[in-house]
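Spelled out, the chains give:
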Amino acid sequence: MATTGSGTDTHCPYCSLQCGMRLGAHMADTVGTADEAHGGVAVLERPEFPVNRGALCGKGRTSAELLTSASRLTAPLVRDRRGGPLREATWGEALDRVAGGLTDVAERFGRDAVGVFGGGGLTNEKAYLLGKFARVVLGTANIDYNGRFCMSSAASANRAAFGLDRGLPFPLADIAHAGCVILVGANPAETMPPALRYFRELRENGGRLIVVDPRRTRTAEMADLHLRPVPGTDLALALGLLHLVIADRHVDEAFVAARTTGFEQARAVAMAHWPERAEQLTGVPVQLMRQAVEMFAGAATGMVLTARGSEQHSKGTDTVGAWINLCLATGKAGRPGSGYGCLTGQGNGQGGREHGQKADQLPGYRSLTDPAARAHVARVWGVDPATLPGPGRSAYELLDTLGQDGGVRALLLMGSNPVVSAPRAAHVTRRLRALDLLVVSDLVLSETAALADVVLPSAQWAEETGTMTNLEGRVILRQAALAPPEGVRTDLRVLRELATRLGADKGFPEDPEEVFGELRRASAGGQADYAGISYRRIRAEDGVFWPCPDEDHPGTPRLFLDRFATPDGRARFAAVPHRPAAEEPDADFPLYLTTGRVVGHYQSGAQTRRVPELAAAAPGPFVELHPRLAGRLGVAEGDLLAVTSRRGRAVAPARVTDTIRPDTVFMPFHWGGTGRANSLTNPALDPTSKMPEFKVCAVRVEKAVRVEKEVR
Amino acid sequence: MSRPRVAVVGAGMAGARFAQQFLAHAPGAEVTLYGAEPRGPYNRTLLVDVLTGRYDPDTVALPCGPGARVRTGCEVAAVDTAARTLRLAGGGSAGYDRLVLATGADPVLPPLRGLRAADGTLKPGVHPLRTLDDCHLLAEDASVAHRAVVIGGGVLGVSAARALAALGLPTDIVHRAPFLIERHLDEGAAAALRHGLLSLGVGVHPGRQVRALHGADRVTGAELADGPVLDTDLVVLACGARPRTGLARAAGLKAAEGIVVDDQLAASEPDVFAIGDCAEHRGTVHGLAGPAWDQADVLAARLSGAAPDATYTGSRPLARLTAGPLQYAAFGEVHEAPGTDVLRLVDATRGSYKKLVLLGDRLVGGILLGDLAAVGDLTRAFLGDHAALPADPLDLFTTTEGAAG
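Protein chains in written order, with the working numbering: chain A, 1 to 712; chain B, 1001 to 1405.
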């Protein structure tokens, strides 16, 4: 176990920043209070790690609490009959039950009736091995993961434009030195507070910050300019801005000629979105669009950074493509201090999408349909390429067909909580209940684990070693600081034991470094090439940026400086017109709903809701609405509101604020139960990325019928 | 009919939008646009800024969707709706299964003495402004002219006059109606606009008419109906547009002011449709890009099968002008009517004029001129129809949007 003098260097269990932290027992250096020392470890600062330079948010500071939380699972649970209770079982019994159930379903309904659902929080080693397990041991095409709900639209747009998908093509710290940054649908003040310093430094250095968000978020508050489009109209806004770039002669002709293709088609589409038309579609006044263009185009360097707000749409890929156009037209890509980037969400949102838990992918960001890629990976795995299944269903499509004819009947789920996080969640919950076998590996009894037939208690981040790839494409190393409690096993061990039971007694090592060694070979020559990255190097170099094809390669902090990763080396403009959301308001459902996060919670909240300090700060869901709308509805702060869409209903107290558009309400999505925002959301999918439209749907808002007791 | 041939007559804004939308719904479909102009579709709303040089003429091209065939310089001479064929002016014919007429409109040429030269063409120095070619000729002429007169004070006339003034030409607008842009504005807004034009070097003569153009080889003056003559060597005709219905009438299609279409945008013969400036729907010819595109979207959704039951029931009128520093948004019913409440804010010093027309708790119309800070909220409140209005409608004049931090 690698440790430094005062503890074990590792990283936060939560978001894609993967802030460096140290786990140790020296109370003097403890970031939080003494209460935060748990299981012999406390969260300590690790100021030398470059991404966060010691800073941690409340989630990171309190992350050790879950290590000893009473809500933690410490024994497998099984359910003897449908509708019966979960009871404790031995690992032997639980794993036999899983292996038997998976085999039974495969025999009765075919191998594709066995599904695997992974997560963007899993380490690279787990994600890699889960994909291998699905394709080699289970032989199923149906493996996908919750990253599909995260940054998949940015991924597909990145690949279309640049031929490669890495969240940021530059280190996060470069933001501080850009001339102008446009943050689109991103709220790092709540989602990744330690990253905020770079935006503050940007402004201190004289750079400008433009925030595009239907809400005046805490991030928008610190911007030089806030554009507030109607939800679902970012594409029209980006096109309107491109129009102004062209009309006001801000096109970098030399860059466009030398390093891009497709400008004329993109220009024609922009001409169809002249500023006054974009204004009507977006509700953003032309005057503000012009200010934004002058700020961005007038700066020597510039970046556009998107997050879920712009990406989680049925046109997310096209929307990101239109933002990339803006960088390309102004020559702000493939140069130091400039470029397009995606602020990935989940801890391993980046690595999780590179190594084969995605329905259409093999390790190294290889395509499952490319014969050469199949041959390479099959060789590493020691199997015949012909035995590798083809692409399977995307995440929502997989969930939507659970228990149905032709759908998945037995599901192994790791590191995800779709009962809370999937769109149209009530329907997804019904589908999960229809399974013949649901196996969930988690550290707590999440809402999804509670439905399972078998629950496997898994180790936490501080109890196992493994690599993560943060939003910069920096591969970092989490190191175990303590052993898992009695009764808890690592996912790697579970996969090995299941593989053995299913007839594969080789190829599933339990040691993460051994798995990583195989991952390096499997990724070698692929786009996300990890071949030259080792645990030793990561420790010595504060992480290594992929691609890193060999041990002598320094890694690649900045991509595209010489050429883009397309066959001709040129970046490609997207020629994509605006289109409406899959569901627009009408007389019955007259308002837009958009969803998002609060600072205290991470994703479905399965972890953070169980940390008392975080739960106390953000105890439950709410409905944010503008005073104008509240006045019209006769709603006061705290009134219990029923929000209804075509898919369901959610109830939560009103939070009246003028930071939101009057035609839009907002709900955070971290909670299950009656206040579950995803009961309302629309599973309309992006045709390319298969991203569901989490960020906009049509709803009706009414005061919930009062019960006797005042509910707050 | 597995792959119907769709013919679009007219390669203007409506035709291009239809083709782009149709092909988005039905990739690989066979769509042909027949355009009389020598170039493909372009954004006509930007013409005036082509004149000022803000846009290169090549820049304003519009997309027609991948795979659309655009036949430029290809005028359709006749339609045989029984045989489903088009006869082309340049010879030859083409069949179709579905025909979309998007023939647009012609500029109205006012009946003035001295409008034409001896050969029947417009007198040198006299220009319509409807096409890119018009724009080229006008720009060329403007570069050698000294003074300009714009006949007509509607949207085109006002923006053309502003553009000519921006090119350094003292310009006068002669407008028949009592105030400018009477179709969108009320008298107060028009007065504020007039004031703004004056500061840019544009004189406005409302309630006046030009009755003759002077000059033998080239225009030298515009004679007003009440006697005076405005010296000028450049005249722009901005007297409105008339739906181009000749082709449709000759084919026996029902036409009034425009080609008459129903809520399916269908003309009076099977499989013939009309959209845009040439179409008359429920008695209205819109003559604006917004409604033309609404119609194109509905028809594309219908004909492609994406939404076979889609209907067009009208557009919410919303006019938006940006002419250099002058800008306004006008929407809905801007005049007072029985039962309406009117809110008005006039700031003469800053040249802004704002008006809202309310019917009960509904916003039925309004004008923002000069200060458009609230335009985003107001536009959406008007278009959205379902959105909440504030309890105090005065709040609509303000916005919470904009610079932060």
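A few of these clues could be false.
Said to hold, decoys possible - When the alpha-carbon atoms are kept at most 25 Å apart in a straight line, the in silico SDA-like pairs for lysine to any residue are as follows: (1) A:703 to B:1393; (2) A:703 to B:1395; (3) A:703 to B:1390; (4) A:703 to B:1073; (5) A:703 to B:1362; (6) A:703 to A:534; (7) A:703 to B:1133.
To be verified - These stretches of chain B come out as covered by chain A in the derived footprint (C-beta under 8 Å, 3 or more residues): (8) 1040-1046; (9) 1276-1284.
What the hints contain is simulated information worked out from the structure, not anything from laboratory work. These figures come from a predicted structure and were not determined experimentally. Just so you know, even glycine gets a beta-carbon here, dropped at the ideal spot from N, CA and C.
Output the indices of the hints that this structure fails to meet, ascending. Per hint list: 4, 6, 7 and 9 violated.
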